Amino acid sequence: MTTQGTQHVLSGLRVLDFTRALAGPTCSRMLAEMGADVIKVESAPKGDLGRNFSMFRNKRSLFHVQHNRGKKSLCVNLRDPRGMALVTELIQHVDIVVENFKPGVMADMGLSYERLKDLKPDIILCSISALGQTGPLAHKPGYDYIAQAYSGVTSMVGEENDAPYIPLVGMGDVSTGVHGALAVLAALRHRDNTGRGQHLDVALLDVYYHYHEVNVHTPRATEGAIQPTRVGRHMTYACPSGVFRGNGGYLVIMAIFHHWPDFCKAIKRPELIDDPQYNTDQARLERRDEVIKLVEDWLQTFPDVESAVAYLEEFNVPVAPVLSVAETLDYPHLRERGTVTTINDPIHGDLDVPGFPLKFSEFPDELPLHAPTLGQHNEEVLTSYLGRSVEEVQQLREAGVVVEENR
Amino acid sequence: MAYGMEHILSDLRVLDFTRALAGPSCTRMLAEMGADVIKVESAPRGDMVRGISVFEKERSLYFIQQNLGKKSLCVNIRDPKAMDIIKELIAQMDVVVENFKPGVIAQMGLGYEELKKIKPNIILCSISALGQKGPLSTKPGYDYIAQAYSGVTSMIGDPDEAPYLPLVGMGDVSTGVHAALAVVSALRYRDRTGEGQHLDIGLLDVYYHYHEVNVHQYSGTKGKMNPTRAGRHLTYVCPAGIFRAKGGSVVIMAFLHHWKDLCAAMEKPELVEHERYGTEALRLEHRDEVVEIIEDWLQATFSDVESAVAHMEQFGVPVAPVLSVAETTQHPHLRERGTVRTIDDPIVGEFDIPGMPLRFSRFPDDLPLKAPTLGQHNEEILSAYLKRSPEEVQQLCEAGVLFEKNS
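Heads up: the protein sequence lines correspond to chains A and B, in order. Those letters in the first sequence? Residues 1 to 407, per our numbering, in order. Those letters in the second sequence? Residues 408 to 814, per our numbering, in order.
This is chain A alone, in the form it adopts within the complex:
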């Protein structure tokens, strides 16, 4: 049973969470969204550095709220031996430990995998990092875009003859958290079956690299004849497919393969269906600029993006408007699915955030999770897990070993 009283897929699972920023907290939040009991260990007095971003009101970070829903906060002074003793004692009561310090820091803190195993023989330790626990780059300071640059993904965004662009979304960090959660669940099932724990090593670099569906196998297999690089707004192996300019905005159109005849009918140019200059993706790729111009000139006959999308949909052409983030918030489909969801924060009130992306038929409702204030669960964790009395917790509070603040 979770703290918040509702059953879900992982109810009963106990996680000790040392993560900060985004990739690690996403992993433990996914576990919390599935009902796990997650204790977030925050270092006194400041707590997770994510508490310093997106503070629009009341020193309460929306970034923290979004990425730490459903966790309990235990804020302790980790430089105080009494604080470390509490953490060490807690490890004996949990199934999983998740951390995303720089490689080596956990061991420096006296919490290496070997030490954790001494404390709890079947413990599962999930280590999340930018560039991995091993290899020549492992010790470097890492952020999402550093790993992205090393993965070759950055080199695939923008115009060929100019510097690339970075996507302003946390696509590496968030997905790495999900990869981490998958590794944790697989290891947990293995532990259930065999009684053995293990150490997991999940890195942003590997996750970004995992995204290359064709780029890695293409150069080697063509002996270098094809070298994938960024080429603007359109795909390189099918045509027409990419971002097209409409009136007042942009559309994604994928009129490739068997969709080309549908598209020709839509633009009332049926003669192009079998025209040898255009009748295959290869032929259209050879005339890509011409095909793009044909599509964009035709799009100018519509007053806006919506009418062009609606018209193309009548002909079953795969098409979408390029929505702004603002437009996504009230888009009926995204609301109905819970792709975007409104949460109610005890301090901020109603707030939109991305919804939980996994849908389980046995658990159709999302758990009503809240993000903790700093040290909110100090007393609860120390009394229920470690059997401390309220007086003992008060003494730890007065000694500055545990810290609480309403933000």
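Simulated from the structure, these hints should not be mistaken for lab results. Every value quoted in this text rests on a predicted model; they were computed, and no experiment measured them. Careful, some of the hints might be misleading.
Unchecked claim - Only pairs whose alpha carbons sit at most 25 Å apart, straight line, appear in this in silico DMTMM-like list of lysine to aspartate or glutamate:
1. B:Lys-540 <-> A:Glu-366
2. B:Lys-653 <-> B:Glu-702
3. A:Lys-140 <-> B:Glu-413
4. B:Lys-631 <-> A:Asp-345
5. B:Lys-508 <-> A:Glu-336
6. B:Lys-653 <-> B:Glu-743
Said to hold, decoys possible - The following label-pair restraints were derived from C-beta to C-beta distances:
7. A:Asp-365 <-> B:Gln-499: 31 to 37 Å
8. A:Asp-330 <-> B:Glu-787: 32 to 38 Å
9. A:Leu-119 <-> B:His-718: 40 to 46 Å
10. B:Lys-488 <-> A:Glu-313: 36 to 42 Å
11. A:Glu-398 <-> B:Glu-702: 24 to 30 Å
Here a beta-carbon is modelled for each residue, glycine too, at the ideal position from N, C-alpha and C.
The hints should help you fit chain B onto chain A, whose structure is shown.
The following block gives chain B in isolation, referenced to the frame of chain A:
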């Protein structure tokens, strides 16, 4: 047990109806963790991507990469005898995965309710572009269609120009991983309660999940902050982004406490507390100037990207070269970690693909997985699972119920 080696999911049986990229990424992740995956392919062509990245011998590299470790059962789905075989197999499976357009699996007579009649605790994982429900769910969907609807596309490029598409399968692949996480979670729940369920995973939800700040920024400021693409640099810290150097680009993340490190690297100590650049807010306000100072220094000081990166690393500045895909395949770190790996295909020989992104200490070695030729395991599956004799299999081949091709 696949390939005679145990791995973390070695007891698991999966019937796989997926095609293209998102679905096959899910079942490949399960296969990489040791699951026995039977890929059902529709005769005579099989998975549509057997036609993509075909450089020699009619063998698709695209297919190989996304279908490592699966067994191919190629049947004529329109023949009732084939459907009987499939239903007989379902009775022996733990998990069914599909990524048809929503509704298609039910039209085939294999909707969740039907599957439950065949195997009461079955887990059905349905993967789609826009989800199983909601106003957009019936539309034809591809990765970039979901990306456009998610608002992610709107975050890539210059604010006054059309956005760019990242030429990597970051939505499809990550959706496969999200789905694999849902499957393993549901499996653990089944192990504990005996109950199966239906999972609904959409690319749209996965892309939306990537918004680490954009959604709450708009919502939390009641629209005052309206996130959009902003070129090559982050919008909430500075300097952080892509910088032009001689011979290429570098990612530099010299915000917060790293600013003084970069000033030291540039031998410009006067900028640390400078009246225009001394704080994050000031640097954001004068972002163009900050970018110009850094790029001028890079161009004047270094003859190439490598020397610039090496110099900044000495000062502890988080920095990375923007590697091309070709460069990644030779990089010592990516090789040592197995971020990039060389596989040996029985038909086309050796080539590179991304590595398995999860690392388990109990299973340090990747399984030596191969991708199947079309219908390669027809006989094995029908004899091992369904106890058909070689003669019966031969009759099904002659009747066109089963199909095989060596590519």
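25 Å limit on alpha-carbon distance, applied to hinted pair Lys-653 of chain B and Glu-702 of chain B: Measuring from Cα to Cα gives roughly 9 Å; hence the hint holds.
Please work out if Lys-631 of chain B and Asp-345 of chain A have their alpha carbons no farther apart than 25 Å. With Cα atoms ~20 Å apart, Lys-631 of chain B and Asp-345 of chain A stay inside 25 Å; holds.
Would the pair Lys-508 of chain B and Glu-336 of chain A pass a check requiring their Cα atoms to be no farther apart than 25 Å? holds (19 Å)
Taking 40 to 46 Å as the stated bounds, is the beta-carbon spacing between Leu-119 of chain A and His-718 of chain B within them? holds (43 Å)
For the range 24 to 30 Å, tell me whether the beta carbons of Glu-398 of chain A and Glu-702 of chain B fit it or not. Violated, since Glu-398 of chain A and Glu-702 of chain B (Cβ atoms, about 53 Å apart) do not stay within the stated range.
Determine whether the Cβ-Cβ distance between Lys-488 of chain B and Glu-313 of chain A falls within the hinted range of 36 to 42 Å. holds (38 Å)
Compare the distance between the alpha carbons of Lys-540 of chain B and Glu-366 of chain A with 25 Å, and conclude whether the hinted pair is satisfied. Holds, because 16 Å separates the two Cα atoms, which is no more than 25 Å.
Agreement of Lys-653 of chain B and Glu-743 of chain B with the hint, judged by alpha carbon distance not exceeding 25 Å: Violated, at about 28 Å.
May I ask you to test the hint 32 to 38 Å on the CB atoms belonging to Asp-330 of chain A and Glu-787 of chain B? Given a distance of about 53 Å, which is not inside 32 to 38 Å, the answer is violated.
So if I understand the rule, the pair passes when the alpha-carbon distance is 25 Å or less; does Lys-140 of chain A with Glu-413 of chain B pass? violated (34 Å)
Taking the beta carbons of Asp-365 of chain A and Gln-499 of chain B, is their distance inside 31 to 37 Å? holds (33 Å)
In summary, the numbered hints that this structure violates are 3, 6, 8, 11.
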